[in-house]
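Chemist: Take the sequences, apply the hints, and build the full model.
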Amino acid sequence: MKKNNDIVLFKDGKRYDGRKADELRPIVMKTGVLKRASGSAYVEWGKNKVIAGVYGPRQLHPKFMQNPTKAVVRCVYNMAPFSVDDRKKPGPDRRSVEISKICTEALENVVLTEKFPNAVVDVFIEILQADAGTRCVGLTAASLALADAGIPMRDMVAACAAGKVQGEVVLDLMKEEDNFGESDLPLAVTPRKKEIVLLQMDGKLSREEFTKAFNLAVDGAMQVSEMQKKALLESPVEVEK
Amino acid sequence: MFHVKDRELVVPGQLLGMDVRYESNCYAEGPNVYSSVKGMARVDGESISVLPSKGGYMPKPDDTVVGIVVEENIAGWVVDLDTAYRCFLRKDEVNGSKFGGRDSRPRGRMAWGRGRRDDRNVFEPRQEVKFSIGDVLSAKILSVDEVYDANLARPWKLTEGLVISVNPKCIPRLIGKKQSMVNMIKEKTECKIVIGQNGFVWIKGDDTTLVVEAVRKIEREAQTQGLTDRISAMLSERVKSPPRPHRGLGDVPFEDESPLGTCTHKGVHL
Numbered sequence: 001m002k003k004n005n006d007i008v009l010f011k012d013g014k015r016y017d018g019r020k021a022d023e024l025r026p027i028v029m030k031t032g033v034l035k036r037a038s039g040s041a042y043v044e045w046g047k048n049k050v051i052a053g054v055y056g057p058r059q060l061h062p063k064f065m066q067n068p069t070k071a072v073v074r075c076v077y078n079m080a081p082f083s084v085d086d087r088k089k090p091g092p093d094r095r096s097v098e099i100s101k102i103c104t105e106a107l108e109n110v111v112l113t114e115k116f117p118n119a120v121v122d123v124f125i126e127i128l129q130a131d132a133g134t135r136c137v138g139l140t141a142a143s144l145a146l147a148d149a150g151i152p153m154r155d156m157v158a159a160c161a162a163g164k165v166q167g168e169v170v171l172d173l174m175k176e177e178d179n180f181g182e183s184d185l186p187l188a189v190t191p192r193k194k195e196i197v198l199l200q201m202d203g204k205l206s207r208e209e210f211t212k213a214f215n216l217a218v219d220g221a222m223q224v225s226e227m228q229k230k231a232l233l234e235s236p237v238e239v240e241k
Numbered sequence: 001m002f003h004v005k006d007r008e009l010v011v012p013g014q015l016l017g018m019d020v021r022y023e024s025n026c027y028a029e030g031p032n033v034y035s036s037v038k039g040m041a042r043v044d045g046e047s048i049s050v051l052p053s054k055g056g057y058m059p060k061p062d063d064t065v066v067g068i069v070v071e072e073n074i075a076g077w078v079v080d081l082d083t084a085y086r087c088f089l090r091k092d093e094v095n096g097s098k099f100g101g102r103d104s105r106p107r108g109r110m111a112w113g114r115g116r117r118d119d120r121n122v123f124e125p126r127q128e129v130k131f132s133i134g135d136v137l138s139a140k141i142l143s144v145d146e147v148y149d150a151n152l153a154r155p156w157k158l159t160e161g162l163v164i165s166v167n168p169k170c171i172p173r174l175i176g177k178k179q180s181m182v183n184m185i186k187e188k189t190e191c192k193i194v195i196g197q198n199g200f201v202w203i204k205g206d207d208t209t210l211v212v213e214a215v216r217k218i219e220r221e222a223q224t225q226g227l228t229d230r231i232s233a234m235l236s237e238r239v240k241s242p243p244r245p246h247r248g249l250g251d252v253p254f255e256d257e258s259p260l261g262t263c264t265h266k267g268v269h270l
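Same order as they appear, the protein sequences are chains A and C.
Following our numbering, the numbering of the first sequence begins with 1 at its first residue and continues without gaps.
Following our numbering, the numbering of the second sequence begins with 1 at its first residue and continues without gaps.
If you're looking for bench data, these hints aren't it; they were derived computationally from the structure.
A portion of the hints provided could be inaccurate.
As the list claims (entries may be wrong) - Across the chosen pairs, the derived CB separations fall in these ranges:
no., chain 1, residue 1, chain 2, residue 2, range
1, A, 26, C, 23, 49 to 55 angstroms
2, C, 224, A, 115, 27 to 33 angstroms
3, C, 90, A, 93, 31 to 37 angstroms
4, A, 211, C, 70, 45 to 51 angstroms
5, C, 73, A, 196, 45 to 51 angstroms
6, C, 23, A, 219, 44 to 50 angstroms
7, A, 69, C, 233, 49 to 55 angstroms
8, C, 225, A, 63, 42 to 48 angstroms
C-beta atoms are modelled at their ideal positions from N, C-alpha and C, and glycine is treated no differently.
Modeler: So this is what it looks like as structure tokens:
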């Protein structure tokens with residue numbers, strides 16, 4: 001395995017894949033990709049490929065989990081066994097349970113749950129190909145899928161990460177930067193008010209570096225939000241003549 | 001002041017206007033009004049609303065719905081309306097009350113045989129309307145409680161035919177102004193169609209495949225203009241030269257096939 005010093009991740013203002021420090025990877029978004037789901041979205045973000053499906057609002061069983069004042073949002077994050085270089089053992093593990101939980105909490109903040117008492121909104125995030133930052137991609141796709149399903153929301157959720165690589169604060173880490181970098185700061189915002197619905201940090205950042213990375217990630221998330229709007233508004237109707 | 005034009009597509013969280021009246025699928029924070037769903041903004045005089053392009057069905061009193069019986073118990077039937085809520089059809093609503101409701105006569109007097117006002121024999125059970133699991137019915141929603149659990153009334157059993165599931169938000173388009181669209185489809189294809197506000201559509205007739213095709217086209221193109229004319233043209237063209245129905249077993253036509261063709265089975269096709 002390569003060591004931190006073997007690989008040059010930042011040189012002359014350019015990164016390992018030729019991006020600038022504040023540049024996102026290329027992103028493609030599509031909605032309505034699953035026929036049987038209430039709403040769905042597919043996001044390609046660099047080498048990440050993620051599909052999200054929303055089912056519901058539907059009846060929640062077992063009944064004791066129902067809440068007569070609001071709907072329950074359940075988000076499941078899952079990595080396909082073929083999504084990473086080494087085969088990932090199928091099924092939930094510590095990491096995917098954690099990401100499911102934080103995604104649920106992020107989405108709960110925007111869905112108008114009080115409109116659907118006793119019901120459940122199921123969100124499934126499936127990582128088909130992973131290349132760092134999958135929780136951000138998954139959350140972005142989940143938010144698109146919720147909007148596609150027609151579930152009332154206060155706002156969308158847009159996510160992006162920033163981090164520190166060989167002493168330099170950069171936006172949207174790719175796999176090599178994530179593996180050999182010093183720090184990773186994924187966050188998710190509601191674009192209208194810029195409220196933070198997810199904020200995690202891996203590694204260490206000084207106060208100044210944190211502020212810089214935070215601002216960079218918020219700006220990145222705002223760019224992602226614009227792409228989300230564009231993807232949603234792209235005419236889904238093709239009139240046959 | 002409005003920030004969007006009439007018929008503009010909007011996304012959740014988009015600013016629609018300031019200091020304006022708002023109706024469905026909008027919410028206000030202070031003077032600002034935002035959209036809560038993805039759909040089409042409709043500006044009507046001084047108020048704004050959003051027509052969602054997708055979404056589940058929420059039971060509403062007086063709606064006509066099409067449902068499938070999924071459970072039976074001593075009090076009635078649970079009907080699946082493709083919603084998150086429990087919809088119940090009471091046996092009382094179908095057969096009248098057994099234990100003396102508003103319309104029943106005093107059982108005691110009849111049992112004693114004095115002053116009988118009809119010739120009904122109280123010791124013989126009355127002919128009851130029964131539903132079994134899997135039956136398709138259309139009904140009205142009688143009442144909806146605070147958590148959207150609904151009671152149904154006036155059921156009508158729909159035998160044979162098939163049921164398809166349509167996006168509930170496209171149902172107004174499928175019905176059309178003064179039922180223009182559905183009446184046109186019925187007329188041209190000579191099929192029986194019952195549309196439920198919940199998104200289930202029951203179809204019975206010779207050419208159900210064509211009806212399903214037309215319904216899917218309406219669903220796909222719900223937010224476009226001049227749809228009735230396009231559907232009308234499509235149906236006229238297809239009815240004149242009907243395609244050979246798909247039989248699943250080669251393409252050999254059967255001479256003595258029933259006029260109902262492929263739709264004689266009682267099936268649910270979602």
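Chemist: Run every hint past the structure and note whether it holds.
Modeler: Here is how each hint holds up against the structure:
1. A/26 <-> C/23: 49 to 55 angstroms: 40 angstroms, violated
2. C/224 <-> A/115: 27 to 33 angstroms: 28 angstroms, holds
3. C/90 <-> A/93: 31 to 37 angstroms: The hint (31 to 37 angstroms, Cβ to Cβ) is violated, given that residue 90 of chain C and residue 93 of chain A are roughly 48 angstroms apart.
4. A/211 <-> C/70: 45 to 51 angstroms: 57 angstroms, violated
5. C/73 <-> A/196: 45 to 51 angstroms: Holds: the Cβ-Cβ distance is about 49 angstroms, inside 45 to 51 angstroms.
6. C/23 <-> A/219: 44 to 50 angstroms: 36 angstroms, violated
7. A/69 <-> C/233: 49 to 55 angstroms: 50 angstroms, holds
8. C/225 <-> A/63: 42 to 48 angstroms: 45 angstroms, holds
Violation of the numbered hints given earlier is confined to hints 1, 3, 4 and 6; the remaining hints are satisfied by the structure.
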